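Please model the complete structure; the sequences and the hints are all you need to start from.
Protein chains: 2
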Amino acid sequence: MQRRKFLRTAVLGAGGVVSVSTIAAPAIAQSMPELKWRLASSFPKSLDTLYGAGEVFAKYIDDMTDHKFQVRVFAAGEIVPGLQVLDAVQNGTVEMGHSAGTYYVGKDPALAIDTALPFGTNARQQEAWIRWGGGRQLLNDLYKDYNVYNLPCGNTGAQMGGWFRKEIKGLDDLKGLKFRIAGIAGQVCNKLGAVAQQIAGGDIYPALEKGTIDAAEWVGPYDDQKLGFNKIAPYYYYPGWWEGGPQTTAMIGLNKWNELPKSYQAVIEAASAYAQAWMLSKYDAQNPKALRELVTGGTKLMPFPNSVMEAAFHASTELYAELSTKSPKFKKIYENWRPFRNEEILWFRVCEGTFDTFMARMSASDKL
Amino acid sequence: MQRRKFLRTAVLGAGGVVSVSTIAAPAIAQSMPELKWRLASSFPKSLDTLYGAGEVFAKYIDDMTDHKFQVRVFAAGEIVPGLQVLDAVQNGTVEMGHSAGTYYVGKDPALAIDTALPFGTNARQQEAWIRWGGGRQLLNDLYKDYNVYNLPCGNTGAQMGGWFRKEIKGLDDLKGLKFRIAGIAGQVCNKLGAVAQQIAGGDIYPALEKGTIDAAEWVGPYDDQKLGFNKIAPYYYYPGWWEGGPQTTAMIGLNKWNELPKSYQAVIEAASAYAQAWMLSKYDAQNPKALRELVTGGTKLMPFPNSVMEAAFHASTELYAELSTKSPKFKKIYENWRPFRNEEILWFRVCEGTFDTFMARMSASDKL
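Taken in sequence, the protein lines are chains R and Y. Quick note: the first sequence uses the working numbering, first residue 230, plus one each step. Quick note: the second sequence uses the working numbering, first residue 230, plus one each step.
Check before you lean on any hint, since a few could be wrong.
When chains are identical, the list treats them as one kind, so a pair holds in a single copy or across two.
[Claimed, not checked] With a Cα cut of at most 30 Å, we get these calculated DSSO-like pairs of lysine-lysine: (1) K491 <-> K373; (2) K518 <-> K561; (3) K265 <-> K491; (4) K407 <-> K460; (5) K407 <-> K455; (6) K560 <-> K518; (7) K596 <-> K555; (8) K420 <-> K398; (9) K558 <-> K596; (10) K288 <-> K518.
No lab work stands behind these hints: they were computed from the structure. Since this is a predicted model, take the numbers as computed values, not measurements.
See below:
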């Protein structure tokens, strides 16, 4: 039925999407039609890991179909601004996007759960929820409202807490602090007395340099070093409690997705899993060297004080209760995600946590 | 060049591998020939996650090629015994296998590093080494000696320490302990005075029940519950310090791999990444519930005493020095892997570890 619908679309012509050669090709080729799609990324080319995952995703689709299904990737700003990718997919400007749900919390706070909630899951726990805890279905029910089919497509791992011009000794140091931090996490910071600022990636450096803002978070050592924040803010805090395992996401026009032959749907699914592994492992491999260079260069690496961590944790839980009353969609997904997270953390305390902690202790005592 | 070589093979005929229809088909189909391969798994069907990853790997290859490239999966024992999969791929009995390098340490201890070394990397750190630290190249240089091309294809996450009939209060309790544990980890246990036993999966339960062995390790709560070890041994220890993130592996006959069109190589690469994500997330999602049920049913969950952990750590480091003098291949890979592991652990101490530890503390104080 789906195949038939697809072929009908092909014959009727879909403006450059299905090439003429497909129609003339023998039966064997019709299940693998020639397609040329465009993917809008939310990320600039300079961030080779975030942006690169979109390119790897596209390359695998191309390679696996012997170049019959080609996806051309456009960086943030080339077709649409980085924070309008969801809109561009929704209105059909592009067939695909590579972005993060959390950029669109203005539409609905529930979209943040596709990426990360403060004090949420780590990368593995989020993936377990997506694939086995009902997350995939719930998120696609949500994205359906935006005419989008959604797949997990990348993860940065736990992010750093960002760059501060002054030391943060306790909660008092957050009062009035102008902090570049977006979305739900910004709302948590506001509850603690900070003044959250939404500033696009390329504008952060001059704002921090001029003192328009006092602090800024981005991703982690590898990306932050590229953006040069270490030159203008001495204190580098950890962990980014708002993003314990933020996931990036592939967005596909829902009608486009439904028209694809099943083989191409499988190709996209596996390509996104490959891109996910590629991105997370690339960050894991590159961050150690970058952090070492930053510290050697004079960056002061500091953990957030426990008072800040605990106050932020309680403010987050409070915020989730508020968002649940405001957004039924947030409430529905949060109430599925929260107990799953809690069970994951209980299990990680036993096995992963004990192993990692022992290895950390051997590392700290220089025995590795 | 490769394409040409492949087509020549096709025309010359390769006994059932390339179907006659390929030869007669138009040019467009020759880049996606019809293939029927067999995959031998090292795992029994009852272990739906370990065995299942091989099936998911095969299913995606099939789906993505619109059923042109079909891979039929055979459980352990159906074509060859579970621990002879490498041999079966090497001698061409099957085109593919799904197994673990560590099963073949009798051939060379270096093969263990494809899976896990005691006190090694966790799942993410291993994947970072494979994809970005040189691991993939080093392992394929090693597998080349066995006429095999190798890809990462699954990970269980940190495993549990296994089931013990008596409590382990310290090193004295390991003396003479008959412990079912295989490979390199068994050699470490022998250094501590235990008597390591290699027993195939299906034979562990009766051996532990009769008292032929005193303890046995397998995987983790989800699999161990299926095998029923909780009925015959009360103590369940953690963590399995010998497998912090053991990886399962896809093995492909090297000639078969080289003959594949590039599109099919990309299909296999992405399908294995999908299977990897599928397996790890499935274990992460299923283990919490299984552990909860085991503990509710009376299983005594215990951490290994620190004296045991530290002695095992030092015995492992000692063993790696010995293996390095015996096997130049082990030495070569170990000397690349070890500093990579050390850098990963240093970085995980900063960001992932601090985040996970804080969340563990909130969990322990019932605040989640």
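Hints, verified against the model:
1. Taking CA atoms no more than 30 Å apart as the test, K491 paired with K373 passes inside one copy only; the shortest distance there is 19 Å, against 35 Å between copies.
2. When the C-alpha separation of K518 and K561 is checked against a cutoff of 30 Å, the pair qualifies only between copies, where the shortest distance is 22 Å, while the shortest distance within a copy is 41 Å.
3. In the homo-oligomer, the alpha carbons of K265 and K491 lie at most 30 Å apart both inside one protomer (17 Å) and across protomers (20 Å), since each shortest distance falls under that limit.
4. In this assembly of identical chains, the alpha carbons of K407 and K460 lie at most 30 Å apart only when taken from the same copy (19 Å versus 59 Å across copies).
5. In this assembly of identical chains, the alpha carbons of K407 and K455 lie at most 30 Å apart only when taken from the same copy (22 Å versus 54 Å across copies).
6. Proximity of K560 to K518 under the C-alpha cut-off of 30 Å is restricted to the inter-copy arrangement: shortest distance 24 Å between copies versus 40 Å within a copy.
7. Within a single copy, K596 and K555 get their C-alpha atoms only as close as 52 Å, which misses the 30 Å cut-off; across copies the closest is 23 Å, which meets it.
8. In this assembly of identical chains, K420 and K398 lie within 30 Å of each other by CA distance solely inside one copy; the values are 18 Å within and 48 Å between copies.
9. Taking CA atoms no more than 30 Å apart as the test, K558 paired with K596 passes between copies only; the shortest distance there is 24 Å, against 49 Å inside one copy.
10. In the homo-oligomer, the alpha carbons of K288 and K518 lie at most 30 Å apart inside one protomer (27 Å), although the nearest pairing across protomers, at 38 Å, exceeds that limit.
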